[in-house]
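Trainee: Here's the letter readout for the chains.
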Amino acid sequence: MALPVLSVLFLAGCATTVPDLDRERLEGDLMAYGVTLSEEELPKPRGELELESAIHQALLRNPRMQAAYARLDLEAADVIEASQFANPSLSLSVLRPEGGGGNEYGIGLAWGISGWLLRSARIDIAESHWESTRLQLTEGMVALASDTERAWYEAVAARQQAQVQALETRAADLGLRLGQRFHEAGNITDLDKAHLRIRATESRLQLEEARRQERATRLYLAHLMGIPGEIEDWSVPATLPLPLADPDAPGALVDQALDGRLDLAALDKALDGMTEGVALVRRYRWLGDIEPGIEFERETDGTRLWGGGITFTLPLFNRNQSGVHRAEARLREGEARRDRLTDAIIADVHEQHYRLLHHRERFRMMREELLPAREIAMAGIQERVNYMFDDVFDLLEHKQEELRDWRRTVAELGDYWRARADLAYAVAGPLPGGPVGREGYFDIGQLEREPGQMHHHHDHGHDHEDHGEPHDHEHGDHTEHSGHGGHH
Amino acid sequence: MKRRNFLLAASAVLPAATLTRVMAESGHVHHNEGDRTPGQRTDQGYMPVHTPNGWTLPYEIKDGVKEFHLVAEEIEHEFAPGSVAKCWGYNGTTPGPTIEAVEGDRVRIYVTNRLPEYTSVHWHGIHLPSGMDGVKGVTQPPIHPGETFVYEFELNQHGTHMYHPHADEMVQMAMGMMGMFIIHPKDGEIEPVDRDYAILLHNWALHPGTRRPDPSIMVDFDLWSMNSKVFPAIDSLVAKTGERVRIRMGNLSMWNHPMHVHGVSFEVTGSDGGRWPRSQWRKETTEIVGVGQVRDIEFIAPPGDWAFHCHMTHHTMNPMGHGIANPLGVDQSGIEEEIRTLLPEYMAMGQHGMADHQAHTDGGHMRGPDNTLAMAMGEGPFGTIGMGGMFTLVKVRDDLAPGDFSDPGWYWHPDGEVAWRVSDDPDFGNPVRRGKLAGAGAEDLPTPRRDGHGHHGNHGHGDHHDH
Ligand SMILES: [Cu+2]
Numbered sequence: 001m002a003l004p005v006l007s008v009l010f011l012a013g014c015a016t017t018v019p020d021l022d023r024e025r026l027e028g029d030l031m032a033y034g035v036t037l038s039e040e041e042l043p044k045p046r047g048e049l050e051l052e053s054a055i056h057q058a059l060l061r062n063p064r065m066q067a068a069y070a071r072l073d074l075e076a077a078d079v080i081e082a083s084q085f086a087n088p089s090l091s092l093s094v095l096r097p098e099g100g101g102g103n104e105y106g107i108g109l110a111w112g113i114s115g116w117l118l119r120s121a122r123i124d125i126a127e128s129h130w131e132s133t134r135l136q137l138t139e140g141m142v143a144l145a146s147d148t149e150r151a152w153y154e155a156v157a158a159r160q161q162a163q164v165q166a167l168e169t170r171a172a173d174l175g176l177r178l179g180q181r182f183h184e185a186g187n188i189t190d191l192d193k194a195h196l197r198i199r200a201t202e203s204r205l206q207l208e209e210a211r212r213q214e215r216a217t218r219l220y221l222a223h224l225m226g227i228p229g230e231i232e233d234w235s236v237p238a239t240l241p242l243p244l245a246d247p248d249a250p251g252a253l254v255d256q257a258l259d260g261r262l263d264l265a266a267l268d269k270a271l272d273g274m275t276e277g278v279a280l281v282r283r284y285r286w287l288g289d290i291e292p293g294i295e296f297e298r299e300t301d302g303t304r305l306w307g308g309g310i311t312f313t314l315p316l317f318n319r320n321q322s323g324v325h326r327a328e329a330r331l332r333e334g335e336a337r338r339d340r341l342t343d344a345i346i347a348d349v350h351e352q353h354y355r356l357l358h359h360r361e362r363f364r365m366m367r368e369e370l371l372p373a374r375e376i377a378m379a380g381i382q383e384r385v386n387y388m389f390d391d392v393f394d395l396l397e398h399k400q401e402e403l404r405d406w407r408r409t410v411a412e413l414g415d416y417w418r419a420r421a422d423l424a425y426a427v428a429g430p431l432p433g434g435p436v437g438r439e440g441y442f443d444i445g446q447l448e449r450e451p452g453q454m455h456h457h458h459d460h461g462h463d464h465e466d467h468g469e470p471h472d473h474e475h476g477d478h479t480e481h482s483g484h485g486g487h488h
Numbered sequence: 001m002k003r004r005n006f007l008l009a010a011s012a013v014l015p016a017a018t019l020t021r022v023m024a025e026s027g028h029v030h031h032n033e034g035d036r037t038p039g040q041r042t043d044q045g046y047m048p049v050h051t052p053n054g055w056t057l058p059y060e061i062k063d064g065v066k067e068f069h070l071v072a073e074e075i076e077h078e079f080a081p082g083s084v085a086k087c088w089g090y091n092g093t094t095p096g097p098t099i100e101a102v103e104g105d106r107v108r109i110y111v112t113n114r115l116p117e118y119t120s121v122h123w124h125g126i127h128l129p130s131g132m133d134g135v136k137g138v139t140q141p142p143i144h145p146g147e148t149f150v151y152e153f154e155l156n157q158h159g160t161h162m163y164h165p166h167a168d169e170m171v172q173m174a175m176g177m178m179g180m181f182i183i184h185p186k187d188g189e190i191e192p193v194d195r196d197y198a199i200l201l202h203n204w205a206l207h208p209g210t211r212r213p214d215p216s217i218m219v220d221f222d223l224w225s226m227n228s229k230v231f232p233a234i235d236s237l238v239a240k241t242g243e244r245v246r247i248r249m250g251n252l253s254m255w256n257h258p259m260h261v262h263g264v265s266f267e268v269t270g271s272d273g274g275r276w277p278r279s280q281w282r283k284e285t286t287e288i289v290g291v292g293q294v295r296d297i298e299f300i301a302p303p304g305d306w307a308f309h310c311h312m313t314h315h316t317m318n319p320m321g322h323g324i325a326n327p328l329g330v331d332q333s334g335i336e337e338e339i340r341t342l343l344p345e346y347m348a349m350g351q352h353g354m355a356d357h358q359a360h361t362d363g364g365h366m367r368g369p370d371n372t373l374a375m376a377m378g379e380g381p382f383g384t385i386g387m388g389g390m391f392t393l394v395k396v397r398d399d400l401a402p403g404d405f406s407d408p409g410w411y412w413h414p415d416g417e418v419a420w421r422v423s424d425d426p427d428f429g430n431p432v433r434r435g436k437l438a439g440a441g442a443e444d445l446p447t448p449r450r451d452g453h454g455h456h457g458n459h460g461h462g463d464h465h466d467h
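These protein sequences, in sequence, are chains A and B.
Residue numbers for the first sequence, in this note's numbering: 1 to 488.
Residue numbers for the second sequence, in this note's numbering: 1 to 467.
Keep in mind the hints are simulated off the structure, nothing from the lab.
Since we're looking at a predicted model, the values are computed, not measured.
We put the CB at the ideal spot given by N, CA and C, even for glycine.
Don't take every hint at face value.
Partial selection, computed: residues in chain B whose CB lies under 8 Å from chain A [what the hints assert, rightly or not]:
1. PRO208
2. MET320
3. GLY321
4. GLY329
5. VAL330
6. GLN332
7. GLU338
8. ILE339
9. THR341
10. LEU342
11. PRO344
12. GLU345
13. TYR346
14. HIS357
15. MET366
16. GLY368
In silico negatives: residues of chain A with every beta carbon more than 10 Å from chain B [to be verified]:
17. ILE80
18. ALA238
19. GLN256
20. HIS325
21. LEU370
22. GLY440
Can you build the whole structure from these sequences, using the hints too?
Mentor: Below you can see the structure in the form of structure tokens.
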């Protein structure tokens, strides 16, 4: 009697769609965030690593993603389970602790009834959870892509900073080596030389630190890309791109964020399931405990995971008044959580937006005001050295200061790009301004010239054409009178 | 390219005539400035003074009084081509025009103030009623901007005098307000002079790259001037061979200046105390003109081009750095090239002395700060002159007309009268040497034997003789 019913229901359950890891939907979701997944097998990175490849590597290799995929499979299993009736043996085993013997039928029937009554609701709830989890996975991918983007910019900035620092250290080092020559010639004191050595050593210490940071940022990027410790075969570009056009006003960004944030969407899905659950509990309060649940996790590496679940118990001894209460309370709690998340998103968007503008403005000031002023100052000091008003040590010291400002400017630009990645993540979508690099790159090439270049004849604008015949005024033989008449 | 090679190449490409041409075109080396002075005595019997680069203030006689009019005002002044500043002066120039009068004259001098602050004029060294002495606050109220005051007094002395403000004088003198006031003796001179020059010595803090002198500087001046010009823009003093030349030198700077004339032993003949009695004249080749002092020197001009300059070597330089690391003897090879990877315009200088520096600045290899001069400038018939500041030439020629103060060009030396090269072998001639050489080979220096028989025969040095 009951068994055939059960088997019919079981077979009917088999007919429901089993959700699977639908890559197309995933990719559709990801496309909105500028993230693409390639079908091809991805080789490990080699050579210069572009931002997109870095993200690609991370999405494919990062264990965080593997865990998320696995989690989605677990949720999928829940949906399948929800659509199926529990195996009788399972229900029996659940019942056994309360059993006084001889009651198996009733119990089995009750389970069957409740399963049958709740089946479509359970499927809805499970599917909500699955949807929620799918969104979480997508969100997790977006978060990982964002983390990777940030780490990539950090690595580029660190590389570019280390390059400028190397030049700065060269200036300090040349000061010391020149000081040694001056010292050998008997023209400066031990004290002067010690000061030059201090300056050079300080600078070398900074270079050591810059190299450490460069390496650390590459290691972190490698870690995110799922190739921990492997940093030898690839490099990042040496030059940061210039800032792109400003994003919209924060109001529009907030709207964009509330529309597009996947963590919010995932929470909404989870809340749908909860709402459904509460309705279910109300409707079938005689049936026993039904506990829709909700989980919130923030993993240490910054991944955010939302989850939901539902638990059923059997209505043997009470009519589940407490269950109704609990379910309603849980729903309210979930709704409060949603409010908190919304508030957090709004605050985050405002903060990241402001941060972006701040770094952009500081970078602009440095690039358009500080560095040109430094350049003018350097030219002025060079001119003073030319006329022996100042000496070469002043020149080198000012060169060091100029390079320090270049380094600060690179750092500021790096901060700008990290802020931009943060803001893009906060608003859940690409920011306006076109492709990265559209405005060009922050070139530091002019800071260094090839040795052997002489500029004096080209840069000073002297015309050489009417200088006439060679006249050796340094080594000439003036003991003859032939030249005298021509001087006035 | 090695720097040495570069130098050789540069000197081949850039002829020495470049700067000379520039200077000639701007009219400074070869054309004396200022008003010509008539080469004959005036109705009052005196030979008028000539103020190199300057001029003499005209006067009118009213009711038997010589009336002069000075205007104190801001002016644009050129120290030498490439160095122009807003200065303060009188009647458009610094120094102001020379005032010339004769002992016994009554002078009436209007002073109009067109400065942004009050002023007064002190008649330095002149005997006059106390109320005419020009000390603001002590003997007179200030002459405010826009006001004209009049000074009137009788000249009862002769000599070389000066005028300058005695109101905010630290600023006003640093800005160039000063002039010469010459009083000729009424009874003529026992020993008449043919050429009478008046020169004010001064110092300026026109910091390189700026356009207004800085009055706060007390020691570290940039420009050392004769009549507010620096070499190579200072007029040459010219004379005919055998003429009696007088140079009247007043010093309103903040340093003493040991002024030196080549080729003559001049006589120091007077001051603001007048022309001294003959018995007090003394022969010198260098005479210190102390701050606030005046000295007259006289000599009979021998033919040639003769340097006339302050003997403080830094006073014969244009702006230069002080307290910079001394590059002398420092080999920068190798490092210089590396520095150029960061500072492409850098050139090591001064290893062998500062002389090569002028080759670079004259040749235009090195751009200096705006509105300033290289420390050494000027080009002569034998190459760079390498001077600046208080340096000029006395040019004496056999055939100059009285009153002709124009530059006669470079002296044409008679055959055999220019030092000539006899060898380019550094070991030439085995000269007697003593002491210890610096650096490598120090031990190789031969010690002269006490018996006086040196390496290439005894050349008569006293210390070689055994007693
Ligand atoms: Cu001097």
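Trainee: None of the hints should be skipped; say for each whether it holds.
Mentor: Taking the hints in turn, this is what the structure says about them:
For PRO208 (chain B), the suggested interface contact is upheld, since its CB lies about 6 Å from the closest CB of chain A, less than 8 Å. At a threshold of 8 Å, the smallest CB-CB gap from MET320 (chain B) to chain A is about 6 Å, leaving the interface hint in force. Of the supplied interface hints, the one on GLY321 (chain B) holds, with its beta-carbon coming within about 4 Å of a beta-carbon of chain A, less than 8 Å. Because the smallest distance between the Cβ of GLY329 (chain B) and any Cβ of chain A comes to about 4 Å, under 8 Å, the interface hint for this residue holds.
A distance limit of 8 Å between C-beta atoms decides the matter here; for VAL330 (chain B) the minimum to chain A is near 4 Å, and the interface restraint holds. About 6 Å separates the beta-carbon of GLN332 (chain B) from the nearest beta-carbon of chain A, less than 8 Å, and the hint is met. Interface restraint check: GLU338 (chain B) against chain A, minimum CB-CB distance 6 Å, threshold 8 Å, status holds. Below 8 Å, beta-carbon pairs count as interface contacts, and ILE339 (chain B) has one with chain A at about 5 Å; its hint therefore holds.
Contact between THR341 (chain B) and chain A, as hinted, is supported at the beta carbon level, the nearest pair being about 5 Å apart and thus within 8 Å. Nearest Cβ of chain A to the Cβ of LEU342 (chain B): about 6 Å, under the 8 Å cut. The hint holds. With a least beta-carbon distance of about 5 Å to chain A, the hint placing PRO344 (chain B) at the interface is held under the 8 Å criterion. For GLU345 (chain B), the shortest C-beta to C-beta distance to chain A is roughly 5 Å, which falls under 8 Å, so the interface hint holds.
Hint on TYR346 (chain B) holds. Least Cβ distance to chain A is approximately 7 Å, under the 8 Å limit. Annotation: interface hint on HIS357 (chain B) holds; nearest CB of chain A at approximately 6 Å, less than 8 Å. For MET366 (chain B), the shortest C-beta to C-beta distance to chain A is roughly 4 Å, which falls under 8 Å, so the interface hint holds. Restraint check, GLY368 (chain B) versus chain A: the minimum CB separation of about 4 Å is within 8 Å; hint holds.
No Cβ of chain B approaches the Cβ of ILE80 (chain A) within 10 Å, the least distance being about 69 Å, so the stated non-interface status holds. At the 10 Å boundary, the C-beta of ALA238 (chain A) stays outside the reach of chain B, the nearest C-beta of that chain being 18 Å off. No beta-carbon of chain B comes within 10 Å of the beta-carbon of GLN256 (chain A); the shortest separation is about 46 Å. Every C-beta of chain B lies more than 10 Å from that of HIS325 (chain A), the closest at about 76 Å, which supports listing it as non-interface.
The non-interface label for LEU370 (chain A) is consistent with chain B: the shortest C-beta to C-beta separation is roughly 18 Å, beyond 10 Å. At the 10 Å boundary, the C-beta of GLY440 (chain A) stays outside the reach of chain B, the nearest C-beta of that chain being 23 Å off.
When each numbered hint is compared with the structure, no violation occurs for any of them.
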